[in-house]
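Protein sequences, first through last, are from chains A and B.
Take 1 as the starting number for the first sequence in full-length UniProt numbering and just add one per residue.
Take 1 as the starting number for the second sequence in full-length UniProt numbering and just add one per residue.
Simulated from the structure, these hints should not be mistaken for lab results.
One should not assume that every hint holds.
With a straight-line cut-off of 20 angstroms between C-alpha atoms, the simulated DMTMM-like cross-links for lysine to aspartate or glutamate are [said to hold, decoys possible]: (1) Lys189/A x Glu161/A; (2) Lys108/B x Asp285/A; (3) Lys47/A x Glu189/B; (4) Lys109/B x Asp285/A; (5) Lys232/B x Glu138/B; (6) Lys258/B x Asp173/A; (7) Lys258/B x Glu16/A.
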Amino acid sequence: MTVLDLKATEQIATREAFGDEIVELGRNNKNILVVDADIGSSCKTTKFMNEFPKQHINVGIAEQNAAGLAAGLATTGKIPFVSTYAVFGSLRMAEQIRQEICYPNLNVKIACSHGGLTPANDGGSHQAIEDMGVLRTIPNMTVIMGADYYSTRKLVKQASEMHGAVYLRFTRDKVPVIYDENETFEIGKAKQLRNGKDVALIANGDTVHLALQAAEILESKGVSAQLLDMHTIKPIDKEAVLECIEIGNIVTVEDHNIINGLGSAVSEIVAEQGKGKVRRIGVQDRFGESAPYDKLLEINGITVENIVNTAEEML
Amino acid sequence: MDSMTVERLKEKAIQLRETAVTMVYKAQSGHPGGSLSAADFVTALYFKEMNVNPEDPNWAERDRFVLSKGHVAPIQYAALAHKGFVPLEMINTLREYGSPFQGHPDSKKCPGVDISTGSLGQGLSCAVGMALGGKLDEKAYRVFAVVGDGECQEGQIWEAAQSAVKYELDNLVVFIDDNGLQIDGTTEEVMPNHDLEKKFQAFGFETKRIDGHSMEEIVDTLDEVREAKNGKPKCIVCNTVKGKGVSYMENVVGWHGKAPNEEQYKLAMEELAGGLHA
Ligand SMILES: Cc1ncc(C[n+]2csc(CCOP(=O)(O)OP(=O)(O)O)c2C)c(N)n1
Ligand SMILES: [Mg+2]
Numbered sequence: 001m002t003v004l005d006l007k008a009t010e011q012i013a014t015r016e017a018f019g020d021e022i023v024e025l026g027r028n029n030k031n032i033l034v035v036d037a038d039i040g041s042s043c044k045t046t047k048f049m050n051e052f053p054k055q056h057i058n059v060g061i062a063e064q065n066a067a068g069l070a071a072g073l074a075t076t077g078k079i080p081f082v083s084t085y086a087v088f089g090s091l092r093m094a095e096q097i098r099q100e101i102c103y104p105n106l107n108v109k110i111a112c113s114h115g116g117l118t119p120a121n122d123g124g125s126h127q128a129i130e131d132m133g134v135l136r137t138i139p140n141m142t143v144i145m146g147a148d149y150y151s152t153r154k155l156v157k158q159a160s161e162m163h164g165a166v167y168l169r170f171t172r173d174k175v176p177v178i179y180d181e182n183e184t185f186e187i188g189k190a191k192q193l194r195n196g197k198d199v200a201l202i203a204n205g206d207t208v209h210l211a212l213q214a215a216e217i218l219e220s221k222g223v224s225a226q227l228l229d230m231h232t233i234k235p236i237d238k239e240a241v242l243e244c245i246e247i248g249n250i251v252t253v254e255d256h257n258i259i260n261g262l263g264s265a266v267s268e269i270v271a272e273q274g275k276g277k278v279r280r281i282g283v284q285d286r287f288g289e290s291a292p293y294d295k296l297l298e299i300n301g302i303t304v305e306n307i308v309n310t311a312e313e314m315l
Numbered sequence: 001m002d003s004m005t006v007e008r009l010k011e012k013a014i015q016l017r018e019t020a021v022t023m024v025y026k027a028q029s030g031h032p033g034g035s036l037s038a039a040d041f042v043t044a045l046y047f048k049e050m051n052v053n054p055e056d057p058n059w060a061e062r063d064r065f066v067l068s069k070g071h072v073a074p075i076q077y078a079a080l081a082h083k084g085f086v087p088l089e090m091i092n093t094l095r096e097y098g099s100p101f102q103g104h105p106d107s108k109k110c111p112g113v114d115i116s117t118g119s120l121g122q123g124l125s126c127a128v129g130m131a132l133g134g135k136l137d138e139k140a141y142r143v144f145a146v147v148g149d150g151e152c153q154e155g156q157i158w159e160a161a162q163s164a165v166k167y168e169l170d171n172l173v174v175f176i177d178d179n180g181l182q183i184d185g186t187t188e189e190v191m192p193n194h195d196l197e198k199k200f201q202a203f204g205f206e207t208k209r210i211d212g213h214s215m216e217e218i219v220d221t222l223d224e225v226r227e228a229k230n231g232k233p234k235c236i237v238c239n240t241v242k243g244k245g246v247s248y249m250e251n252v253v254g255w256h257g258k259a260p261n262e263e264q265y266k267l268a269m270e271e272l273a274g275g276l277h278a
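For reference, chain B alone in the conformation it holds in the complex (with noise of 0.2 angstroms):
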């Protein structure tokens, strides 16, 4: 596949955003806000980076998406539908019987969803079984995850974290969603996370920190992840803004898990189709 330029998955992540949206909107429940702040490097992942075929979603050899932060389901289905894992119809059909998209990713009922997560921190150790699955059957597959800042508070993040480390899986790649909210208010109100950076850091990861909303970075920032195979597994945290996109979203802790009325979403439509602002 032709991968994007930085212009093309800038719209790209606009349209995803809008995607995400309008599915929780219709479903009138899911989580907006950590959708919008993953946007940006969900996007380059599913059209840039990954090694993915929509046509075969099972196929051996495909790099793996584990969206460990599994309540922002509404994003990586916006990306699935997108890319044509599943009709774009579909979107109508958030968190409805017999849906594809369920309320968390489901690997048995939507194609191009490597495993199932809802429960927040489990998907990373999936990741790292992935990684070292690959290892083991000298694959050249690369596994990602997304991880939210919260997420991290699970002592089985840090599990995962040292076996990726010990096992040496370069094939590993870990976004830190880092947009500073979880539910009950900012992570330094819940339980302060310091710098996630250092820690993964620590733990043997290359790490960088990157702005999470300038594809310009992301794009680099996987470029250099690409070449780096020296036994090391990555973890690029991203600075983000939880609801990034829609003004009256963005860092407000109320818009974890809420959707938007009609006027609401006729405003978030109309400011996601003037693009992000800085």
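So that you can see chain A by itself, here it is in the shape it has in the complex (with noise of 0.2 angstroms):
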């Protein structure tokens, strides 16, 4: 596959990539709908509500009641994707995407825009640090967060394809486009983005782009690191995590909760296997906090050094 040269490449939020493919879905198939809750301008589906305004429905400040809403139209045969922010779509909805979507097993998708520690200025409230490892326990809940533009767009487009409820986490903020604009993606496949025997590091989402830099300068330190990007956390892609067991040490890098999230997906792979070492880089069980989102990753230590030091000292 192709990475191409971070320096070199724009930098666009992974909300822009869902506003921009749900347009296409809901133009091939008018049972798309978008159901918003009065943040559809930050949300991006603004282009949206406007091409197809008889596939939009906007509920007001009433996320639980999107949830509920959603599920019904489900059962109806439509396919509403929720769209709000990170910290309402889990949290504030958690129980009836529980009650009303997983557990009878309907096609919602819940799509979600200021993932991780992204809203960074606007303070704890709004960064959702415990939303993929709160869905995940979820039974029939798929959850993924994508990497860069082109990736989020694909992974969009194949939940729209899969029956059942997907949750899909965007950036508020931008981050590095990584991908060609042709590069394939499946869901609950990890995307493999080197080969390495020394250290495997695991990434999703906008930690994808550290790890390939720590990656390249572990590489000039003589470190072979294999990379995976494993933007579907649940279901986990199984055998790249096996493989990363062969290599022996591993490093998860995540802009979430180190609890719950891809280091402790990965974490229950390694105990299970009963070999390999694991180091979990994400943010330390702590609140968000009103900072620049670069602070925010350095107080948490998700930085490409960190990813550099704790794969060296795991050698």
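Mind assembling these two chains? They're in different frames, but the hints should get you there.
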């Protein structure tokens, strides 16, 4: 696969990818609906609303209603995408998602902007650090975060084509484009960005580009790093993790609490195999706060430098 | 504390507006529209009505203030800074790392914030709990909550309302900032609220609809409410203009959560210096 030169690429928030892809999907399938909860403008669904007003519903500031209403729509054959911020789409709607979407196994997609620490200056109230963990605990739920604009578009499209509940998490802030427009992605299948034999880096979402830079630095230091973009944390690509276990040393990287996110999901497989070592890089089980996004990453050690150091420590 | 005259309160409300807009300008992020619509009653609460002590922000007998629509933190921060809870210079740190002035009110970081908010619909329940706690302990303090009109679309607001009525919380005063706008448009377009005063009344609140930019009406209403120990929670629905005091922000949806640029900021300050227009 081609990995683009990061410094040369543009930066786009992945919420833009959702906003662009959902328009394409809505054009081709009139059953695709967007259910907004008064933040369509920042979740990037305005284009969809303007082009397909009949496929657009705005329930106002009422996320629990949005989730239940979407479940009802799904029973009539519609494919609703509930669009809100990650904090509300995972936690405010959690029981509606469990009871009325996952339990009856309905075809509802929860598409959320403002994932992780990316709504940086809004502060801790708006930074979703528990969302993927909470939702991956619910049966029948698929949990996805794309690493960049193009992968996110592909994953949104695939989510629309599969039956069942899917949680899609996007960044509020810009992240580098790392994939070529024509790259293909498959839900539940990790994207291998680098082949290596000394250490395996497994990252997702807005941290994949950090892991990519770390892998390059490691390479320059003579350390060969495998790199996986684990865009789907549930169902996780067990085969790919097993390969990493053969390498022996695994560093996970995520913009999510280290509890119950990607690092935990990988650790579960490692523990059951009874071999391999894991170090988890992510939000250190602390709430966020208002600060520049980079500062928040730094406070939590979600940095290229810490990935490199952690990998080296394991060798 | 001496309570201010209506004229002084009007000046104060301008000052708080200036500070709130300055904070959002300096941070280049934040929510000016709903800060400005709430400015007058927030001023009356902090500078006349509420029994609070900046020297002892956690004083057990204090009146409580819950900004249920937590995104308009700048107007509460302006009040707290001018009241002396936080040094005035700190207004330059809105949304910065380490600031007491987080993007949304944080009770662990900012003296005078009684509970953290920011996720709409939840603060009113907390205010109900505070009022109930006061009743259980036979304390004289009251609880003031500020709720957005868009926020009233959250079901939890009505769950809170029914419990306030059941527990006869006449020590609870809810201000509804009925500015008619939310993020995706007018409340009429996004999700009609119909008559919020009638809704709260039907739930069992004692209600009144007032001009939320008339300091006279606000002060008179607070006087009435203070006397009414009748077992009913109070709801004051305020007809307001989002962005009030800065002409280009007034009634414009786009100024919900956007910072002015330098030129716009200067204009805002000039206009505010001239006071409110009818
Ligand atoms: C639960 C929840 N959903 C969505 C948001 C995002 N949001 C912030 S402000 C706002 C609109 C609020 O409108 P309103 O209550 O009328 O406030 P005002 O007009 O006074 O600013 C929304 C939807 C939020 N903060 N919390
Ligand atoms: Mg409003």
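Run the structure past the numbered hints and jot down the numbers of the failing ones, going up. none
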